[in-house]
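Participant: Modelling step: build the complete structure from the supplied sequences, incorporating the hints.
Sequence lines, in order, name chains H, D, S, F, W and Z. For the first sequence, full-length UniProt numbering assigns the number 1 to the initial residue and increments by one for each residue that follows. For the second sequence, full-length UniProt numbering assigns the number 1 to the initial residue and increments by one for each residue that follows. For the third sequence, full-length UniProt numbering assigns the number 1 to the initial residue and increments by one for each residue that follows. For the fourth sequence, full-length UniProt numbering assigns the number 1 to the initial residue and increments by one for each residue that follows. For the fifth sequence, full-length UniProt numbering assigns the number 1 to the initial residue and increments by one for each residue that follows. For the sixth sequence, full-length UniProt numbering assigns the number 1 to the initial residue and increments by one for each residue that follows.
Treat the hints as calculated values from the structure; they're not laboratory data. Backbone N, C-alpha and C fix where the C-beta goes; we use that ideal spot for every residue, glycine too. Hints are not guaranteed to be accurate.
Stated by the list, open to error - Below 25 Å or equal to it, Euclidean Cα-Cα: the simulated DMTMM-like pairs (lysine to aspartate or glutamate) are:
id, chain 1, residue 1, chain 2, residue 2
1, Z, Lys156, W, Glu205
2, S, Lys156, S, Glu227
3, W, Lys82, F, Glu77
4, Z, Lys222, Z, Glu31
5, W, Lys82, S, Glu89
Said to hold, decoys possible - To spell it out: a stretch of chain F is covered by chain H in this simulated footprint if at least three of its residues, at any positions, have a beta carbon under 8 Å from a beta carbon of chain H; those stretches are:
id, region
6, 87–95
7, 196–203
So you can see what is in the structure, the chains are spelled out below.
6 protein chains.
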Amino acid sequence: MRPSERTSNQIRPVTFTRSYTMHAEGSVLVEFGNTKVLCTATVESGVPRFMKGQGKGWVTAEYSMLPRSTHTRCGREAARGKQGGRTMEIQRLIARSLRAAIDLSALGENTITIDCDVIQADGGTRTASISGACVALVDALTHMRNKGMINSNPLKYMIAAISVGIYKGEAISDLEYIEDSVAETDMNVIMTETGKLIEVQGTAEGEPFSFEELDTLTGLAKHSILEIIDAQKQALA
Amino acid sequence: MRPSERTSNQIRPVTFTRSYTMHAEGSVLVEFGNTKVLCTATVESGVPRFMKGQGKGWVTAEYSMLPRSTHTRCGREAARGKQGGRTMEIQRLIARSLRAAIDLSALGENTITIDCDVIQADGGTRTASISGACVALVDALTHMRNKGMINSNPLKYMIAAISVGIYKGEAISDLEYIEDSVAETDMNVIMTETGKLIEVQGTAEGEPFSFEELDTLTGLAKHSILEIIDAQKQALA
Amino acid sequence: MRPSERTSNQIRPVTFTRSYTMHAEGSVLVEFGNTKVLCTATVESGVPRFMKGQGKGWVTAEYSMLPRSTHTRCGREAARGKQGGRTMEIQRLIARSLRAAIDLSALGENTITIDCDVIQADGGTRTASISGACVALVDALTHMRNKGMINSNPLKYMIAAISVGIYKGEAISDLEYIEDSVAETDMNVIMTETGKLIEVQGTAEGEPFSFEELDTLTGLAKHSILEIIDAQKQALA
Amino acid sequence: MRPSERTSNQIRPVTFTRSYTMHAEGSVLVEFGNTKVLCTATVESGVPRFMKGQGKGWVTAEYSMLPRSTHTRCGREAARGKQGGRTMEIQRLIARSLRAAIDLSALGENTITIDCDVIQADGGTRTASISGACVALVDALTHMRNKGMINSNPLKYMIAAISVGIYKGEAISDLEYIEDSVAETDMNVIMTETGKLIEVQGTAEGEPFSFEELDTLTGLAKHSILEIIDAQKQALA
Amino acid sequence: MRPSERTSNQIRPVTFTRSYTMHAEGSVLVEFGNTKVLCTATVESGVPRFMKGQGKGWVTAEYSMLPRSTHTRCGREAARGKQGGRTMEIQRLIARSLRAAIDLSALGENTITIDCDVIQADGGTRTASISGACVALVDALTHMRNKGMINSNPLKYMIAAISVGIYKGEAISDLEYIEDSVAETDMNVIMTETGKLIEVQGTAEGEPFSFEELDTLTGLAKHSILEIIDAQKQALA
Amino acid sequence: MRPSERTSNQIRPVTFTRSYTMHAEGSVLVEFGNTKVLCTATVESGVPRFMKGQGKGWVTAEYSMLPRSTHTRCGREAARGKQGGRTMEIQRLIARSLRAAIDLSALGENTITIDCDVIQADGGTRTASISGACVALVDALTHMRNKGMINSNPLKYMIAAISVGIYKGEAISDLEYIEDSVAETDMNVIMTETGKLIEVQGTAEGEPFSFEELDTLTGLAKHSILEIIDAQKQALA
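Facilitator: Shown next as structure tokens:
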């Protein structure tokens, strides 16, 4: 029995609110239950130095938690003077996943920066970020087409992500904080709308897991991600 | 004529949404028109080292703009590795103002940290922050009384703040970005509900201003701040 | 009665020693009683990136206290690896004030950097810095004219600054440390020789202050600043 | 055909040289072909603040590449003043994996720090690091038992790691740099000697990968890791 | 012929102005010709962590150049966020030399911090710093005896320092900037009043130097240092 | 009697292993007894900004100790976010010494970066680094000639370095850690194969030393350095 009385493969209500803020080329508030992340996409012409002169674009990402998005206040990284390892790891994951969904050649020498700022955290902030960022990215690409910055659609496929895990011996999907904090195994899966994998990251938090559990968890993730991609498409319709 | 067709002493619609997020002891989304700031108050027992053993509490503040709260993306301070001068200046102002509204002795050896994170910027983010932070502070103090952490109310008076300025030769209240960016003089005023001043900061952006203009601007500010304090009280009712 | 037996509107002896050091284009030791600040002006061709191509110049400032300019040793910011909030706030104020006194277009694409290093602190270091910096700036501008870097005088008016405050219920001018540390209200005023305001920053350190007190303090400041501007002019004569 | 003419499941020669340096409680040079990493284990009494008073120990790790371990010189992180995201990600992975292999309660309030310094890089440095670190950890635990710091063996099982991937459409094991730099999918697998998974991290570098490829890759990894664990045990015999 | 027309072993006029600033326990402006350094000594009870519980004191030092102490403005280290290698090297040298002159056991668990801030630079700032710091140290020790913090005199001997070098093929003493910038060999010597060496640092800037030149330079240094120690003693008399 | 039973002028076994790693243009493991330092030389075209347009090359150096090269673990500088004063001092010394051995004009606008990473420390790491770096530099210069980057040999003379000191009242050469940690005087000498001095740095750790001891120590150093240069030449033969 899950604390929320959800079934093992039942995800929380997922919503994508587009144009949540007014300045960004793409701005989406994504909610997975109580987890709320503001994902904005910024379009800038030009690319970082290491990409110059290749005729290709770039997609990068930054991630941050508001200090009081969490149960107890987490220190502000700007005040401490550096981003922590977890932050770095997550923003690298977000950026890598989005780049896998984009044909950088079709982007021209432009850069899209995705900012994922967690307003409220209740588990699964990185997978919610990726799912919301993909919608913001689509809006930013539409903006670019409307402005004549690009001629074709660089998006190869929609992507979304989910957190799955072993909780009290059972494989469950979309862990909230109370589940995540005691899960034996935690896995983040990022998948395309065509059912192919972009990234799989599974970690034994307590006991190591078996190859069978790996199979069960990825299967569960596939099911949930397809649901989320449906929600993305409805939001974009 | 102001771009928004407001009269010179007309402030934008001001709203305070309490309990905006679920973890903080006080959590208020304050809106001055399109300017939106999330103000959270965190209660922690204990005080910083320099305050230890005096039997008094402490109030501090941090301020940040989400990277895409602005027209063009402003770099994330955590990524740059330090907070800029403007950020420092603003968060010192917020903290100083709130401390002036509190009897630190009545707070016990507890610390309240106010986080002001700008979700969307359209002028006046620092004064909106202070006005919203005061409401979040009241909620945090109520939380402390309910938990038995304090016995009396440390709040001496409600405070609020407004930005006023000289725009095209005329004194106006509550400047939005389009006005602020070309104003000749910019002034931030912080006042108590009893009509006394906590802080006055006036700056000549273009031509220096006269003592008469100083008078006009502070008078205008008084009028607007009393309106904001009314809105605070309604939100808290 | 003030500790120094000065009357309420009596400022400390103010001196400006020009050419205090030999390398800078302007170098002034300013003394307000025991407060001593070395203000140097450095002329460099070129402007910061954000000013390039506009045909205008730039004026910036940095402020620092020598570690033992104070009663107890304050840690060296270079050793701590960052400038504190107070430092940032003060150097932004100095730079902003001096820019208000200069026609940047008449400066050409040149930069003047003002360094204010506090040799000995006894209250009012930021206002002494601004008053001394203005003299160093004049010397640097003269140097530029002599070198043919500029053809006209970019200085619009001399400026000076004073700290005023409410001490034991009375408005006084030019607070020394022993007064400043217990003042109820502290206000820094920066004014032109033509009697117009560049900046007003008033802060309630204890009780909030009234609009009448604001009037009294700014009036007091005006009187003192005109005295300081006289001293500047004599030093420059 | 692989550049090295290895078969798809053939790993490079793997060696573990114990007592490679003389000061550390565990010191192992691990070589996977041309990839060479020095793994040292340092035993210190006491635990970090957040672990204090729980009667449990801690295992942490740091990772670094010597500037010229790579084809072209990579800048020294100490000179740049911060560790990069990749470094953070890898050292978090190493530490997490080793903690999963240890019963922290049996370690007492002691800390073991694993340093993995890459002497020469040719692909697979993170998995070589984990494999070598496990041997250094065993030596450090033996040292602790000999010194009477612990009474039982905190090691739950040996662990090792391998990098597998899709290279020119084929699943291969133990990628060297020339393969890794063009692989379509890259996966790091960490497994216990009992055939259970500690961590799986698969990333689509080019095209997304299928669930079948995930199965093939993890199966391949299992085979290789068991070979490495054999080599570890021979080195420790 | 030297630019200043000094003879090869002639040092510049050396002065020590005690009580130059009012807050420090020792405060000396040292001048070697146009080189001017403010040396302050701060007495604090307690010692750094690594010295605790040994019943001994500590002496440390910090060195900095005011941005415009030099011909062209050198960037402020506090603004850059770190102290440069030259600064570190010099302040380590100053501290090490002073500790060699002190019986740390006789100092009790107290710390003396020497700050050397270069007001104006014209060559030899590090040796002027050491020479001035020794006088400030003596004043601080006197202060400690007067306050009853120590019972005996921890100073073992006065020390002073000089820069010598090979300039246009000739060994000269007390190089000013114009000489120093083209010298073939540069050597800093620190010596006690008893004619024993504390530190010798000789560097070939151009051609390497012979053992005979080493002898000549150290002999020249000895002569000059004894003159400086005379000046120190007169200042302290 | 020395702990190692060496005679006073007997150095430890010195070896230079060339091509120790495969990527660098010069890669030498230098061993002075148990002190082991990996010295790599990296050749890059171009020079730092301050050297541009002069048609000359540049040689720079970085030094670091692996965290567990020492008896107890020394913190990793990359993790602390800055290089310590000792590191800065040593790498400046290494670079300065090597530049003194090179005709920068003959190097063209190329930069050679020497990295000295201490694998195991037992005293004398800086002098071993310089001695090993010189061999790596020679290999890098040979690489440049083979690649046609330079036409003549920029090396003016081989250089090497030794640590000498006063240990229990006696002058000894090549101090190992157990001697170094209690030596009264410690001196590092860097010399050319032609018997001329590049750098002399002598420090009184306990009692000051006499001019006679300075002579004895430098004489001892000369003897040892010539032995080391023989070993360098054999390694390069």
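Participant: All hints are to be evaluated individually against the structure, with a verdict given for each.
Facilitator: Checked hints:
1. Straight-line distance between C-alpha atoms of Z:Lys156 and W:Glu205 comes to about 14 Å, which keeps the hinted pair within the 25 Å bound.
2. In summary, the hint linking S:Lys156 to S:Glu227 is supported, as the alpha carbons are separated by about 19 Å, within the 25 Å threshold.
3. At roughly 15 Å between alpha-carbon atoms, W:Lys82 and F:Glu77 fall within 25 Å of each other, so this suggested pair holds.
4. With a C-alpha separation of about 19 Å, the suggested pairing of Z:Lys222 with Z:Glu31 holds against the 25 Å cut-off.
5. Between W:Lys82 and S:Glu89 the CA atoms are separated by roughly 20 Å; this keeps the pair inside 25 Å, and the hint holds.
6. Figure legend: the region 87–95 of chain F, annotated as covered by chain H; annotation consistent (4 residues with Cβ-Cβ distances under 8 Å, at least 3 required).
7. Figure legend: the region 196–203 of chain F, annotated as covered by chain H; annotation consistent (8 residues with Cβ-Cβ distances under 8 Å, at least 3 required).
Consistency note: the structure conflicts with none of the earlier hints.
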